[in-house]
Amino acid sequence: MRRFIISVAAAMLVVLAVGGAVVAGDGGGSSVTRARLERSLPVAFANLYADQAKLLGHHGVTPASLHAEAMCDKGGAVEDDIGPGSNWNCLVSWTDPANPMPPEGYGKFELDVHSNGCYTAGGSSKLVGYQTITDTKGDVVTNPVSEFDGCFDPNGDNTPTGNLFPSLTSVTTTALLPDADHRISLQLSCGTGATGCQGMLSAVAGSTKLGSVSFDIPEEQTAKLRIPTPVPAGTDAVDFTLTVTRGTGPKGPVSETSLDMPAG
Amino acid sequence: MTTTVAQPRTPTSEQVTDPGRPRFGAALRWETRKLRAQLRARALVIGAILAPIAVVLVVHSQPRPPKDTLFGRFATENGFAMALLVLGVASQWVLPLLTAIVAGDIFASEDQHGTWKTVLTRSISRSRLFWAKAVVAVVFALLTLVLLAASTIAFSVLIVGAHPLTGLSGQTIPASSAVALVSTAWASMALPMVGFTCLALLFSVWSRNAAVGIAAPVVLGLVMQLVGALGGIETLRPFLLTTPFEAWHGLLAAPRFTGPLLESVVTSAGWSVACLTAAFLILRRRDITGG
Amino acid sequence: MHPDSSTELAVDAVDVTKRYGPLVAVDNLNLQVAPGEVYGILGPNGAGKTTFLRMLFGLIRPDSGTVRVFGRAWADAGVQVLDGVAGFIESPRFYPYLTGRQNLEGLALLDGTDPTRSGSRIDEVLDVVDLAGRENDKVAGYSYGMRQRLGVAASLLRDPRLLVLDEPANGLDPGGIRDMRALVKRLTEGGLTVLLSSHHMDEVEEICDNVTIMSRGRVAFHGSIGDLRAMAPDPGHLLSTSDDARAVVLARELHPAVAVEPDGGGGLVASGASHLLSAYVADLVRADIELRAFTPTRTPLEALFFMLTDTEAEPDEPSEPGERFAHRQQAGAAR
Chain A
1 MRRFIISVAA AMLVVLAVGG AVVAGDGGGS SVTRARLERS LPVAFANLYA
51 DQAKLLGHHG VTPASLHAEA MCDKGGAVED DIGPGSNWNC LVSWTDPANP
101 MPPEGYGKFE LDVHSNGCYT AGGSSKLVGY QTITDTKGDV VTNPVSEFDG
151 CFDPNGDNTP TGNLFPSLTS VTTTALLPDA DHRISLQLSC GTGATGCQGM
201 LSAVAGSTKL GSVSFDIPEE QTAKLRIPTP VPAGTDAVDF TLTVTRGTGP
251 KGPVSETSLD MPAG
Chain B
1 MTTTVAQPRT PTSEQVTDPG RPRFGAALRW ETRKLRAQLR ARALVIGAIL
51 APIAVVLVVH SQPRPPKDTL FGRFATENGF AMALLVLGVA SQWVLPLLTA
101 IVAGDIFASE DQHGTWKTVL TRSISRSRLF WAKAVVAVVF ALLTLVLLAA
151 STIAFSVLIV GAHPLTGLSG QTIPASSAVA LVSTAWASMA LPMVGFTCLA
201 LLFSVWSRNA AVGIAAPVVL GLVMQLVGAL GGIETLRPFL LTTPFEAWHG
251 LLAAPRFTGP LLESVVTSAG WSVACLTAAF LILRRRDITG G
Chain C
1 MHPDSSTELA VDAVDVTKRY GPLVAVDNLN LQVAPGEVYG ILGPNGAGKT
51 TFLRMLFGLI RPDSGTVRVF GRAWADAGVQ VLDGVAGFIE SPRFYPYLTG
101 RQNLEGLALL DGTDPTRSGS RIDEVLDVVD LAGRENDKVA GYSYGMRQRL
151 GVAASLLRDP RLLVLDEPAN GLDPGGIRDM RALVKRLTEG GLTVLLSSHH
201 MDEVEEICDN VTIMSRGRVA FHGSIGDLRA MAPDPGHLLS TSDDARAVVL
251 ARELHPAVAV EPDGGGGLVA SGASHLLSAY VADLVRADIE LRAFTPTRTP
301 LEALFFMLTD TEAEPDEPSE PGERFAHRQQ AGAAR
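Protein chains in written order, with my numbering: chain A, 1 to 264; chain B, 1 to 291; chain C, 1 to 335.
Since the hints were made in silico from the structure, they are not lab data.
Glycine residues also receive a C-beta, built at the ideal position from the N, C-alpha and C atoms.
The calculated EDC-like cross-link candidates involving lysine to aspartate or glutamate, where the alpha carbons are at most 16 Å apart (straight line), are:
no. : chain 1 : residue 1 : chain 2 : residue 2
1   : B       : 67        : A       : 147
2   : C       : 185       : C       : 202
3   : B       : 67        : A       : 112
Computed beta-carbon distance windows for the label pairs:
no. : chain 1 : residue 1 : chain 2 : residue 2 : range
4   : A       : 131       : B       : 135       : 44 to 54 Å
5   : C       : 45        : B       : 131       : 34 to 44 Å
6   : C       : 78        : B       : 222       : 38 to 48 Å
7   : B       : 131       : C       : 75        : 18 to 28 Å
8   : B       : 89        : A       : 137       : 31 to 41 Å
With the rest of the complex left out, here is chain A (with noise of 0.2 Å):
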């Protein structure tokens, strides 16, 4: 028994040497990066996506025909886009004219990447579907895009693809919620990304102009931005444009919505 734990205990000793001194020389570089994954993804997605089309008698939905292309992020703006996590963030692009892409272009994929270069993919039910689908036979089966298992090549082309798409900028605020002095506030969200989001968010309630704010939020993350003006009493509403120079609104450059004030 003692030889065996003192065997033990020498080999992780070892282990943990060794681990500490490469990691302290070099840094600890993993095979999973960036460009690998862009790489990767797209090719299982649009096999996968052409085995969807096909169970859906969806016609003329080739892997070639997608021309799937992918960006991805881990950790947004303040981590580093390598190695393993739950983190990575992938937008992927397609053409498929029987499901047009929303005004940003791309829809969004969550991955679970392991160190062995093999990732679980999962995708916005918007784009993708549901976990099950019904097929043409009337069948429910397994939606093979909804999440996806993949292995990309550990020592594959690791030059950067270039793919960038802009960052999505969404109004997350849903009710509107005046502070003392009637001024209001709405939160802003800058989703996975290549750019940021900068732009202009200006507010009108009825005819009267509650002025404008600018905003520039890092990607991944979310700004509350106040209105300066307060709101006159017994306004119903509250217009508001969002005008994205960097990054793109969930309209295009320009989106306007309209929230509700709360009654009395």
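Fit chains B and C to the known structure of chain A by using the hints.
Frame of chain A; chains B and C shown alone:
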């Protein structure tokens, strides 16, 4: 009572030219014979054939597929995926254990039975005995792997069915080529399996205790797996003996990549040579005082 | 034919030393065994006999010095040293899950014997050690004595020129000891060179030509049994009389060369040259002192052995090796 046996033997011409030097084959035969007489060896062989049937039946009857392992999401409806799921799970600790049960014991059992002095006072050298044991342990490891692989693939296909397989690039692999790929994936386990056999041999020689010889490689395998899965120290991965267990992934991608398989040859060979050399030196220099 | 196989020493140990940490197990041992000789190594447990025999078999390496067997040393000849050598060290051990015959067949393989030819030879040696009929039982079911005899059979299988037996009677019951001694004696009568270790003087005295007595790793005596006898002290005798007090006085007055002292167990111990003792006993009878017992305390060689090795532990303690063995067996079973 015979008294003839007690008479001094004048050296015959045969003794002078080759005084009964046992050939390597004789030591191999002896080690094989001992292994065959051991209950554990027979149990392992039978287990390698029967256990996959039970595993395949149990997984097949699950209402939800085990999605957290590669190919698990297709395992309940595709026999090839089932065979690869079993492969993925087996490589975590079953394969190291399978070989360590014999290799971790093969030297230590001589200590346990006190029989080092029995065999080393014959005409066989320590080196020949060492290599005979090493060869028998490696051949046994490969035999159990072949049986396990054959049984797993055969019963997965029989019970779950042979349908086209979705590969790791989302591509569809026709059943005909899936058989070859799945078999090759299983065959690629031979390299790390030999590595773990040599590791178990080293522990068997060094610890002189069968329990250590069996448990230590398995525990070490789990530790290496954990280290290999951690982020930040992935430059260690090529040096870990558990990395070759994942080299088959490239076979099921499109385009196929074989870099990890080549690396696994180097890694496994490195571990095997290092462990065997250390074990050999320890045994050569050791004072046999027990028994 | 080997040109010098007849003149070469069977065993030639020169300045052999082996240490285990601070303990010197064998201290500068020199020992020569001529071919055809029956040689005894005597010593209490722990004297270094077994350590020396392990070095002879190459199981352990001496720290310094060389052991040559028929002219070959381990350093240059390797396992060839063991050509023509057979024997066992401490209790012989076998694979318990194999039968006696399977064990012998395996060892024959390791001897380089063609297994198709070893069969009849195995029958022969099994017959010599009286194990014929039990050879197909697993060794796990063998008694200690049977294993000991299987050990002799395994040694004879090698047709040795030199047979090394380490405490062959150790741990056997009285019947087993008798059988084993008879077997060893029979083997030595054939002219085989035998190196026998023991901690019983009488075992060695009966059959050996030359002996080495070891104590704490060193040679305490070296020579023929005849030399040893000449050195032996006068034997002591236990004396019991009807009047011990007068017997003491009588010795003091008439036989100053005979020492008569009260023994712890009630009775007297008389020691002196044997002819003087006879005269003393005759005088006791003449003085009307009744003689109830007159028995030698131990043989002269035993007395010498204990003197040389400094062990005053009770010489014959048959339970001790047996107990030690029983303990070892339990330890083995527990594993």
